[in-house]
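Here is what each chain is made of, one letter per residue.
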Amino acid sequence: MIRYIIRRLLVAVLLLAIISLVTFGIFFLLPKLAGQSTDDLAARYLGREVTPEGLAGVKAKLGLEDPFLVRYWEFIQGIFVGTDYKFGTSVTHCPAPCLGYSYRTNEPVMDLLLDRAPVTFSIALGAAILWLVAGVAIGVVSALKRGSFFDRAAMSVALAGVSLPMFFTGLVSIWLVCRQLKLLPTPRYHEFFDNPALWAQALILPWITLAFLYAAMYARLTRAGMLETMGEDYIRTARAKGLPERSVITRHGLRSALTPIITIFGLDIGLLLGGAVITETTFSFAGLGQLMLQGITRSDLPVALGVTMATGLFVIIANLVVDILYAVADPRVRLA
Amino acid sequence: MRRTTRRGIAVLATGVSAALVLAACGGGDDEGGGGSATFNQGNTSIVNPSDSKGGTLRMLRTGDFDSTDPGNMYYATAWNFSRLYARSLLTFKSVGGQGNLEITPDLASGLGQPSADLKTWTYKLRPGVKFSDGTPVTSKDVKYAIARSNYSPEVMEKGPVYFRQYLSNPNKYKGPYKDPNLDNFKGVETPDDQTVVFKLSQPFAEFDYLATIPQTAPVPQAADAGAKGGVNYAKGVVSTGPYKLDSYEPGKSIKLSKNPNWDASDTNRKQLLDNIEVQLGVAPDEVDNRQMDGSAEIDVAGNGVNAAARSKLLSDPELKKNADNPNSGFLWYTAISRQVEPFTNKDCRIAVQYAVDKTGYQNAYGGTTGGDIASTVMPPSLKAHQKFDLYPNNNGKGDPVKAKEHLAKCGKPNGFTTNISYRTERPKEKAAAESIKASLEKVGIKVNIKNYPEDGYTGGVVGDPKFVQKNQLGLMIYGWAADFPSGFGFLQQITDPGALKGTGSSNISHIDLPDIAKKFQDVVQLKDEAERNKVYQEIDKAVMEDASIIPMLYAKNLYYRNPKMTNVFINYGYSGMIDYANLGLAK
Amino acid sequence: MTAPIETTGSEAQAQPEAVLAGIERKAIQGRSLGQIAWLRLKRDKVAMGGGILVVLLILMAIVGPFLVGDPNQPHNDLIDPMLSRPKTGFMHSGMSADHWLGVDLPAGRDMLSRIVNGAKYSLLISFLATMLAVVLGVVFGVIAGYFGGWVDTLIARTMDIFLAFPLLLFAIALVGVFPNSAFGLEGNGLRVAFLIFVIGFFSWPYIGRIIRGQTLSLREREFVDAARSMGARAPYILFRELLPNLWAPILVYATLMIPTNIIFEASLSFLGVGIIPPTPSWGGMLNEAKEVYEIAPHFMFFPGMAIFITVLAFNLFGDGLRDALDPRSSR
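Protein chains in written order, with the numbering used here: chain V, 1 to 336; chain L, 1 to 587; chain S, 1 to 331.
Quick caveat, the hints were computed from the structure, so don't treat them as lab data.
Built from N, CA and C at the ideal position, the CB exists for glycine as well.
Do not rely on the hints blindly, as some may be mistaken.
To be verified - Taking lysine to any residue and the SDA-like style, the derived pairs with C-alpha atoms no more than 25 Å apart in a straight line are: (1) L:Lys255 - L:Lys402; (2) V:Lys59 - L:Lys174; (3) L:Lys252 - V:Ser284; (4) V:Lys145 - S:Val46; (5) L:Lys466 - S:Asn188; (6) V:Lys32 - V:Pro67; (7) L:Lys270 - L:Ser52; (8) L:Lys312 - S:Lys87; (9) L:Lys174 - V:Asp84; (10) L:Lys402 - L:Asp347; (11) L:Lys442 - S:Gly189; (12) L:Lys470 - V:Leu29; (13) L:Lys387 - S:Met82; (14) V:Lys182 - V:Gly126; (15) L:Lys235 - V:Val70; (16) L:Lys174 - L:Lys199; (17) L:Lys255 - V:Trp199; (18) L:Lys174 - V:Asn106; (19) L:Lys321 - S:Lys87; (20) L:Lys140 - L:Lys312; (21) L:Lys409 - L:Gln339; (22) L:Lys466 - V:Pro31; (23) L:Lys199 - L:Ile103; (24) L:Lys312 - S:Thr88; (25) L:Lys470 - V:Asp39; (26) L:Lys228 - V:Arg251; (27) V:Lys182 - L:Asp347; (28) V:Lys182 - L:Ser265; (29) L:Lys235 - L:Lys252; (30) V:Lys182 - S:His92; (31) L:Lys270 - L:Gly54; (32) L:Lys130 - L:Gln271; (33) L:Lys252 - V:Ala286; (34) S:Lys42 - V:Arg146; (35) L:Lys258 - L:Gly55; (36) V:Lys241 - V:Glu228.
Unchecked claim - Here are a few chain V residues that face chain L, going by a calculated C-beta distance under 7 Å: (37) Gln77; (38) Ser284; (39) Ser299.
The whole structure should be built from the sequences, with the hints applied where relevant.
Below, the structure is given as structure tokens:
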């Protein structure tokens, strides 16, 4: 067991290293390959007249002239032991894990991430609970009552659900619920510890919109999985043994039908924690996804890099948790 | 100007419209709350004048300030906001209407005293002014503020550098972060604690305008050192205004509270509020809605409301009476690059002047309340403005016949292909670019639209002649407002051949006519304002004859004037936005 | 990005044994699998409805742009100069006999024309991206499945890494740092090519995994063994023996990937990193509508519905196709 976990951990670390290298390459190598000089890059960060001294200052500050691997090494170093940054006369120590400083606001990227994370986490976790419960429940019931009115209605709605782009349902729901019917105020984020009621009120619409899409997908997946499992021989055996139907379904059917769902859930939640970009854009919530978009449009590369790294980390952790859960539940996995 | 919301100085729309507004609201001093308010009342008078004290003013903003450091800011909204906690040598008068364009002493006790050759300007500080920590302000603090903000590009990269441009610097002073000994900085002298003397390398008749820039607000050298100094000073600005900066979290919030050591003889500001809270990073339509639903008072960005709120404000008379639609002093224009083929040929430029549909441009900027159709470089809000129209084209709708005539003259009877650039973050500029594309295609000119990030648009894109040529940017969407409200402040940066430099020039049309350069050199030696204005008009005409700038709109903004706020007026010294330094809340 | 897997519970398609039994009873002569699938598909009214809609949409994307006029033609006269929104029409949409779906704002461009032209780009990008993904997925899937060993391990791990990547964020980042011109292309041409590449390149593992699994099971079949024992070389077995048996899953998953890719492209355009305006795209229209939907809800409604109908049509057809081709799924 311990060996299995260690092996998965090593794979996770390797994955993270690959993701960081690729991301770093995209941000720092691609512009150069595309023919942009360091002067071009530096000029982006000068607000006022571009002078040689100004350019040199920016280049030195951002380390634009250093070779790629040196910069990657410094970045990795920052994560593990921290870095010192020079602003004018003052030297600021950025303690590990340091993801660098925003080119635009001079804020440590780590602070920005920590600042934005609660917003994204609130959206993702709330929606995840909703969609997991609703999606799986609907999928199971549909599979068991296959062909019934409920099954057909639920699957039609689910098909519509996976066919509706989320930014459209989001906009329509704000328009309908907040503007036309005025059932809710326009969503604006509140800190949970500030006022839990307002926090929940602000998140209802994003949760429902996001969960609607995923619940539809999960309901379809669960139904398919259940149908397949319930046709397997061992289910027939269980029934033949005279086990009560309830136990057949929950102990045997559901258990194996849910296995792939949990894998996908791990992946989905990891990706969403790293920035529900579309939800955040649609509802104008300042979460990690918005931070990423901002970083990209304002050429604030350390910020964009930080968000991507964080997302990679979340995905990997979510996968790791899923893997370990499997190993706990099913001893065969450890040997695989 | 390099950034739209930056400085903009506009005298009130002169003449007819001003008179109409005055007539409509029956003068400026009427008392009372929102009940008796009228549309555009804030344009000409102080609305809800009151000395009622207390309360917390809640400000909102979609983006963030470029900085809270008075030495490192360039947007008009930041300059306006900085006056809450920083006093510059001079400022604009706190009165309603165009009177607030008048320069008035602030930290200084009087206007600048020029030498006969206009190369030495002397200011005396008002006695008894203290920092928020109780230490007295001296002339050294002003000198230090100028030194750090203008000579340290490696730290302070956001503000203008007029002082570096005009002050003499015989020993190439490198800024206080590299050279903390201020004696090496010869551009400013401090013969005693109350006197600041500016030594210019060239005559400059309009130096008093520069003294209104927040960079002249004093900074104690001791507070700008170590980990708290440099870029981090923005979070710990030492206040001289009625409020002090308690905290600044970039992208999130700014908090101000009363400054106990404020010099109450300051007539340019009021200290009525207990606290001011700015919430940053709020979605655009949320900013609009919250001003109207009472959960906040004012949008501090100062660009006015967006499309949805505009429609709501203008179609409901109860809301409309609490709205102002002043001139912002901005000119929205499209620059034609004189370096890019076939625009090296003047007739090709004139063809575009005739072909463009300015009404489409106007729709893009919000219709008639977004701006008036323009035909000159200088907007009517400047005293130097003179109306003329060298390329009349059906009231802005475009004249394809004339355009084709000139296309034939420039040897491209069947049109040609060119590119137009706009700033990614600006949907209005995008719509404007699309409108130009559509109107030029009617005469056979094919246009490809290109977008670039707002940051660095002037620095590395349209302001870089090499970039413009490499990417063949024949047309460039741009906006401009003066850093200070004179013809010089408006025209020099965008039309003076002398303003051309390697990169980062705002003369993006690449106007290099020696005749215009000569006029700029001469005009700053004229002591008489009226004479200077005549020269500015000549320059305006010369630029239009050259056809390298297509004036599109004299911009206007639509503001919601929250009836809860007191002492509300449009300050034309700051892009025609609501003055922040005098606001209070009604009981 | 999870490929939708199950179908609506339609009765007709849910009774394959009965269907097959019926076929066998009526006609004695042998039918190929394809013929059987077609017969089953024909009886699935919902799927056929989706299929017809798909054909109509493709026709609209190809022929439509020639019928609806210039999507970039502004109609400033239809816009209220004060409020800068359409003057007339239901809920200020500008709807009229000339503009069936109204006009957009602020320029007053014809919505119908923009939606029809948007279909062109949406379908073009999603089709070509899907093709790219299918080609990559099939090639790597077959190679991994057939050769096994370290080749399989390498490809399977690579696919895992791809699936763990924050795909949308990467697409945004790539578009964000990519220059305005490269490979002799620029502007929208380059952007379209780039979007096809990004979408296709990041989604091949989804189909790759399925093909790998199928190949793994096919490899052990007798006919492959037979070919191998007769001395057939790997390329022959791959292309002549395996590939013909993979066309069913390829077709099904390609059909189901198209709607996913349509939404992907629309999402990128919605976030402002997709098709470059003023070239019309559905996601781009929603991006513009986001600022003004309160005063002009039609501007949000029509492009959204266009995406919905198109994606739904492909999903319906794809689900039906799967049921017809893959007896397992409808057991």
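> Any hints this thing doesn't respect? Which numbers, in order?
Replying inline: Of the numbered hints given earlier, those the structure breaks are 1, 15, 20, 26, 27, 28 and 37, listed in rising order.
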